[in-house]
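Chemist: Those sequence lines, one after another, are chains S and Y. The opening residue of the first sequence carries number -17 in the numbering used here; numbering runs sequentially from there. The opening residue of the second sequence carries number 53 in the numbering used here; numbering runs sequentially from there.
Rather than coming from a laboratory, the hints here were simulated on the basis of the structure. Ideal placement from N, C-alpha and C gives every residue a C-beta, glycine not left out. A few of these clues could be false.
[What the hints assert, rightly or not] Away from chain S, derived, C-beta distances all over 12 angstroms, residues of chain Y:
(1) Leu325
(2) Trp357
(3) Met379
(4) Thr407
(5) Tyr441
(6) Thr456
(7) Ala522
[Stated by the list, open to error] Some but not every residue of chain S turned toward chain Y, in silico, with C-beta under 8 angstroms:
(8) Arg8
(9) Ile10
(10) Tyr48
(11) Met123
(12) Met264
Letter by letter, the chains look like this.
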Amino acid sequence: MSKEQKKALEAQGREARRHMGLKTSRFISNFAVYIVLIVMSVVWLIPFVFILLQSFRVESTWQVGYVVPHQWGFDNYIALWNSDFKKWYLNTFIIALVTAALQTVIVLCMSYTLSRFRFRLRKALMRFMLILGMFPGMLTMIILYRVLKDLNLTQAHAVPGLILVYVASSGMGYYVSKGFFDTIPKSLDEAARVDGATRLQVLTRIILPLAKPIVIYTILTAFMAPWGDFVFARYVAFGTSAGYNVAVGMYNWLNLDQIGNCYTMFCAGGVIVAIPVTILFMCLQKYYVEGVTGGAVKG
Amino acid sequence: MKQYSDLEFLKLSKGKKFLYRLASFFASIPRGVARFFRNIGLFFKKIGLGIAGEAKDIALTFKEGDYKTKLSFIIMGFGCIMRGQILRGLMFLLLEAVFIFYMVTSGAYWLSMLPSLGKVGPREVYNEVLDTYVYEYNDNSFKILLYGVLTLFFIFAFVYTWRVNIRQNRIAQSILSSGKKLRSGKDDLRSLVDDQFHKTLLALPLTGILVFTVLPIFFMILVAFTNYDGSHDGYNNSLFHWVGLENFRTMFSWNAGGHNYSATFGEVLVWTLIWAFFATFTNYFLGMFVAMMINKKGIRLKKVWRTVLVLTIAIPQFISLLYVSKMFAKNGLVNLFLMDMGWIKEALPFWTDPTWARITVIIINIWIGIPYLMLIATGILMNIPQDLYESSKIDGAGPFKQYTKITLPYMLFITGPYLLTSFTSNMNNFNVIYLLTGGGPTNAANSWASGSVGDTDLLITWLFKITTGAESKYYLASVIGILVFVVVAVITLVVYNLLPSIKNEEDFQ
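Input sequences plus hints: build the corresponding full structure.
Modeler: Here it is in structure tokens:
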């Protein structure tokens, strides 16, 4: 073997060893990533698994130091059925449904107009709404409550009152869908206009069919929000169980004086509330992800 | 300070570059403030000039107008009707009639009461028929303020409509004199779905915003200048009235009735800012990290990992937050489990010790926030041109260097505005704090403050506690709300003015 051949062989070996090293280091790093991901998944799912397990616990209704029930059964769900929960659930469902429908119309009107039309005061309007958004919304609860009370839309009649307030102020949340409309080329509109379509026809015939993802995103977020609204709903219902939504009603179950009797019932209620919302969400996940990522990029 | 040119700047060492940037930021503050005030000045100048221009135009219209135009100054829509634009004219006339009717029947009353917010409060009056004293309700300060403000809005709208009516006359006159035809009512209606379509579309949303957002905010700003609270509710027990800047003085004085509001406010504000900082940036970096892990080459089941995280977004926050809050409670799952196992003797003070509570809140917020950030970061990371990584690899950059030189600048560049909005919305993150701790643990030093401020209370939860507390010091809540606005607005302004500089520096595209 000549010297050169030897050298070449050595180099080859070095290369191979380096390659091996790379491979093992990638293997190790991937392994570490898998470990982290598995731990994370467990941490993220644990509370929900716990809620599910504890909702089937029969032997006691308060907090205990173990998770897997000693005695399984549907007692908590039966208790749920016999409580006001049905009413709250129905309330929330109606609110979510109506809000989703009306809010979508309003948000689409707003965002489409701000994206497509160039009119006087457009910039000023957008800046004004940006400034309005800096005021804490909590502040207006007091007066909204009083106004709703004058209209007799509080307490037992809280459902229409809540819908009214949710829908009326929803125009402020136009950012995400405006960002979407901005990405639809304007030449489409212009072509249709040249062909003699009115602006209304442009919207209904051309833009709306293209805007399906954002319409679904808007409906989905509008539908999900009322399930979690707690502050304003509690303010408006003001201690009248018939006007509660699920969040308000179930919050009370975890008060110090009720938690002993209602802790497992809360878990059962949580399961019942979470299942439909989660299924819907998972089905429409694609649109949600598009909306969220698009929204962040647009700012 | 010395200004460097771009070339000189690039020659500087790293530390010096940083110092230079920092110094130039602080050096630019006075200029920024000056610009801010100049802009305000310009804004008012513009408004002034605008009003002067309008007045001139109105005078000119009157001078050059025919009798139809001149009569339209009093009878709105007269000119339109006489010139054949019946529909438009009737609309103007109707608006005027409604406005006059409203002002005569109630508007004038509300307006006249607005300066005093009611003269006669509830009182006991002798009733001859019953031969006893009865409690009698009189003026209602709340309604006076509300409808007074509404009336002011109406007047403003009416003046605007009147102005439009005048301009219409002027335009119509000039069109007719040039020999063209005016638009018919049918044309007007058609234009509502065509070239005026934006007005049709915006009518409903803007009315909603006006009535349910603008009006309430305006009202609440005014409340900060009154003494409206639980014991002055304006109708049932006592009227409330204007107190000028009294409430702001209370808030900023070191000793108001033995209480130090400004210190309490300062404490809460500092915690709010600390919270917003950690809540934003822990989520941001950890979320990005998770997204990068899932995106890593060679990692399988990418969809599964993402779905697991996204699943947690789907479940309404009040369920997860309340459940987790109870899990960490004194006799909650975690403590009971640890005690059953014999690992600890006493319950860990997750919610009862101030420092523990603050850290726990931030950590649980990471749990809440990572899925969102993971989604956002995934979308953006996939858009980073891969050749950047490849060429940097050839130049010998390791993963860490790639992260600091490519990934991070790119992310910051794209998500700058998002970071800002998420910071401000974290400042007002009511749900996480209220559902987890309720603002607790209660802070003995501040328990006197209306709504008894706790150690994890943000300004927004404090505000909420005030409005729902026993004393219901609405005016104080209102003052805090205004201050929150000021803080958010200042942060937004400063950061927005900084953002372009970030963009220029990091601009590698």
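Chemist: Quick one: which hint numbers does this structure break? Sort them smallest to largest.
Modeler: 2, 3 and 9
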